[in-house]
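First to last, the sequence lines map onto chains S and W. In terms of the numbering used here, the first sequence opens at residue 1106 and continues consecutively. In terms of the numbering used here, the second sequence opens at residue 1106 and continues consecutively.
Think of the hints as simulated: they come from the structure by calculation, not from any bench. Some hints could be false.
Copies of the same chain look alike in the list, so a pair counts if it works inside one copy or between any two.
Quick list of in silico lysine to any residue cross-link-like pairs, SDA-like style, CA-CA up to 20 Å [unchecked claim]: (1) Lys1209 <-> Met1195; (2) Lys1151 <-> Ala1119; (3) Lys1209 <-> Pro1193.
Protein chains: 2
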Amino acid sequence: MNPELRHYLADRRAAVEEALDQYSACPGSPPRLVEAMRYSLLAGGKRLRPILVIAAAEMFGLSAADVMPTACALEMIHTYSLIHDDLPCMDDDDLRRGRPTSHKVFGEAMAVLAGDALLTRAFAVMAEQGRVERVGPARALRAIAELAEAAGAAGMVGGQVEDLEWEGRQAGEEQLERIHSLKTGALFRAAVRLGGVLAGAAESDVARLDDFAAHFGLAFQIWDDVLDVAGDAALTGKGVGRDARQQKSTYVTLHGLEGAQERARAAVQRALEAIAPFGANGWVLQGLAKYVVDRAT
Amino acid sequence: MNPELRHYLADRRAAVEEALDQYSACPGSPPRLVEAMRYSLLAGGKRLRPILVIAAAEMFGLSAADVMPTACALEMIHTYSLIHDDLPCMDDDDLRRGRPTSHKVFGEAMAVLAGDALLTRAFAVMAEQGRVERVGPARALRAIAELAEAAGAAGMVGGQVEDLEWEGRQAGEEQLERIHSLKTGALFRAAVRLGGVLAGAAESDVARLDDFAAHFGLAFQIWDDVLDVAGDAALTGKGVGRDARQQKSTYVTLHGLEGAQERARAAVQRALEAIAPFGANGWVLQGLAKYVVDRAT
Chain S
1106 MNPELRHYLA DRRAAVEEAL DQYSACPGSP PRLVEAMRYS LLAGGKRLRP ILVIAAAEMF
1166 GLSAADVMPT ACALEMIHTY SLIHDDLPCM DDDDLRRGRP TSHKVFGEAM AVLAGDALLT
1226 RAFAVMAEQG RVERVGPARA LRAIAELAEA AGAAGMVGGQ VEDLEWEGRQ AGEEQLERIH
1286 SLKTGALFRA AVRLGGVLAG AAESDVARLD DFAAHFGLAF QIWDDVLDVA GDAALTGKGV
1346 GRDARQQKST YVTLHGLEGA QERARAAVQR ALEAIAPFGA NGWVLQGLAK YVVDRAT
Chain W
1106 MNPELRHYLA DRRAAVEEAL DQYSACPGSP PRLVEAMRYS LLAGGKRLRP ILVIAAAEMF
1166 GLSAADVMPT ACALEMIHTY SLIHDDLPCM DDDDLRRGRP TSHKVFGEAM AVLAGDALLT
1226 RAFAVMAEQG RVERVGPARA LRAIAELAEA AGAAGMVGGQ VEDLEWEGRQ AGEEQLERIH
1286 SLKTGALFRA AVRLGGVLAG AAESDVARLD DFAAHFGLAF QIWDDVLDVA GDAALTGKGV
1346 GRDARQQKST YVTLHGLEGA QERARAAVQR ALEAIAPFGA NGWVLQGLAK YVVDRAT
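Between the sequences and the hints, there should be enough to build the whole structure, so can you do that?
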């Protein structure tokens, strides 16, 4: 990664961390609940979704501060989905990012409720977005509608349902792509689109952002499968080879390690093509896309 | 209940049922997930929260159709909270409104996800509200912010956490009122307030609606405790005396049956006083408040 991009990511990430800390303070709420929300929300991570919102918005003249509520809402929704996915009745995971999962620390009931509270908080924070002068209520409202659609039954939650329905069976490529495009792709697309939507970008430009994000998300997911086989457990924070032990279809089981890597790189190429019309203005999104198939975690 | 009010409630309830059916169709989503969402959402019930939104909005010149998305969002959030509350890791209930609970029919994982999807759908539907010409994006956005606040960590979810924390211990009156004001009161208040907010009512009138709803919610909750002891199991759809067997503090254990009834009637009185300035215009809210301590279910 080049130093300019590294510096950019560190800077925006610090701003996101500060905002997440502030938005999750929840004064007047039960302390143990707030502790559970913050345990998962402030557990580090790349903050990729918030940074995608910010990078897209900056391309169209807004600042990171202008879209920070929406950027943080994306991370809250991502985090709630991880808490619920880890529950014993779902994937039953004990570890997440190298730490005990929410229900292991706070109990199942609190984990369910912490997830519910984070999802709800995301929309409260989004609604604040309308008070940002350069965004305004109409765009903020459209952003809420798009994010709710992406996170709901026709998006992320639907993807989790399909994932569970295919458990123990070998999904084919078409089904695997459908699950990923819903389960993780929908939020990536919302993140990049919303940057443009909040900035009032032309619909043709929002469509370009959408196209970029769809291929970006695919590359990201394929590379996750690659790292599950080839990655370093100490870096990824989860056991290597976990997918294989669970007999899940992955891009690696379908195409082999090299075939999967090739497909990830092809997806990055298509993502870059989608935003080529933006030229140098798209340098952060370009850099992030290249980094996706370069990362070790 | 007088015939005029009975007719009004039947009419608005039918409109709510139709809108809920339409808003929960979720084309393109996994069929089993949609089935689970609709199993709980379309299970009947009084539709009290949506009707409160509509009745309040009508007092300030809007029609039921103008606020239908918000009215239905309230019911979706109420429904998701029941699904999650019934989970084995929470209250572990097998029956709800006389039918098997969601997790009994669809399994725990699907029940968690159906709840998540209903909560998310509520905000998608609310965002549509901004397209209603007589509401507009600014009021719709404020409504989303208020509802998310009421449903989240400082409201409904927070109340559920406190309820769980007091399980097996006898809460005193102050604590009991706090739990109820969060767990059920916050949504009642949001319902009545939002009718006024969406209609652009003066802040002083929104404050009157809020005051009404706080006492309305309290009366409703006390009467629920009364019905748990004195009610007819066939009508309430749950076992009579359930609270006592769980050794939960209720208004009846704290004040006796007659003391609780007295307190419920006093709360209704204060609710009526709060909206007295609206005169005859407040006839639906007045009728609903009187009905609360008259109902058998």
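Cross-check of the supplied hints:
| no. | hint | verdict |
| --- | --- | --- |
| 1 | Lys1209 <-> Met1195 | both (14 Å within a copy, 15 Å between copies) |
| 2 | Lys1151 <-> Ala1119 | within (11 Å within a copy, 48 Å between copies) |
| 3 | Lys1209 <-> Pro1193 | both (10 Å within a copy, 16 Å between copies) |
Checked against the numbered hints given earlier, this structure breaks none of them.
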